[in-house]
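Enquirer: Residue numbers (the working numbering): 27 to 200.
Among the clues, some could well be false.
[What the hints assert, rightly or not] Taking lysine-lysine and the PhoX-like style, the derived pairs with C-alpha atoms no more than 20 Å apart in a straight line are:
#1 Lys87 <-> Lys116
#2 Lys63 <-> Lys126
#3 Lys99 <-> Lys63
#4 Lys99 <-> Lys126
#5 Lys120 <-> Lys183
#6 Lys166 <-> Lys99
By construction, these hints were calculated from the structure, which means they are not laboratory data.
All values reported here derive from a predicted model rather than from experimental measurement.
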Amino acid sequence: MRSIFWRIDAMRRFGTFDIPFTGLSLGTHRYQFNIDKAFFDHFEFSEIDNAQFNITIDLEKQSNMMILHFDLKGEIETICDTCGDDFSLKASFKDRVIIKFGEEEIDQSEEILVIAPNEHQINVADLIYEFAHLSLPTRKVHPVGMCNKEALKKLEKLEHDSEEIEDPRWESLK
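Using the sequences plus the hints, can you model the full thing?
Expert: As structure tokens, then:
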């Protein structure tokens, strides 16, 4: 996650993801959200087109800061990097974000966000979006044995055919 100076007004488009914290007692408060394709359609360059996620956020309110514990679990409809077929990929991600109050950027780490002291709620839509993308593995492949067998045969044939073709540029290196 990257360091950012938290600007609530940039996130007003997702009012359903507002968590009001003014008036909450000290301690832990649980919030749950469900997102699907409609959520990701609001983002212009989303790598995720269709997914179902259940998100649990535990807001730990302290006297001078808040800690948000995110737990995302769901399935993402994606394309297998090996065979090119669609499949459903199970995904999960856990992280925490520390929220401090201040007018200007202070010494931040990757998990600390700063919001203005006069704010009374926080919108978690962009954080959920970011964490959903962080749940994607670098390679998206079917479970072992589930890839399209026809596609694998064609890939194997293409690999074998490319090995048989001699490239004269490599002769001098041999």
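Enquirer: Hint by hint, note whether the structure agrees.
Expert: Evaluated hints:
1. Lys87 <-> Lys116: violated (31 Å)
2. Lys63 <-> Lys126: Distance ~32 Å between lysine 63 and lysine 126 Cα, so the pair is violated.
3. Lys99 <-> Lys63: holds (15 Å)
4. Lys99 <-> Lys126: violated (27 Å)
5. Lys120 <-> Lys183: Status violated; Cα separation ~41 Å.
6. Lys166 <-> Lys99: Measuring from Cα to Cα gives roughly 17 Å; hence the hint holds.
Checked against the numbered hints above, the structure breaks hints 1, 2, 4 and 5 and satisfies the rest.
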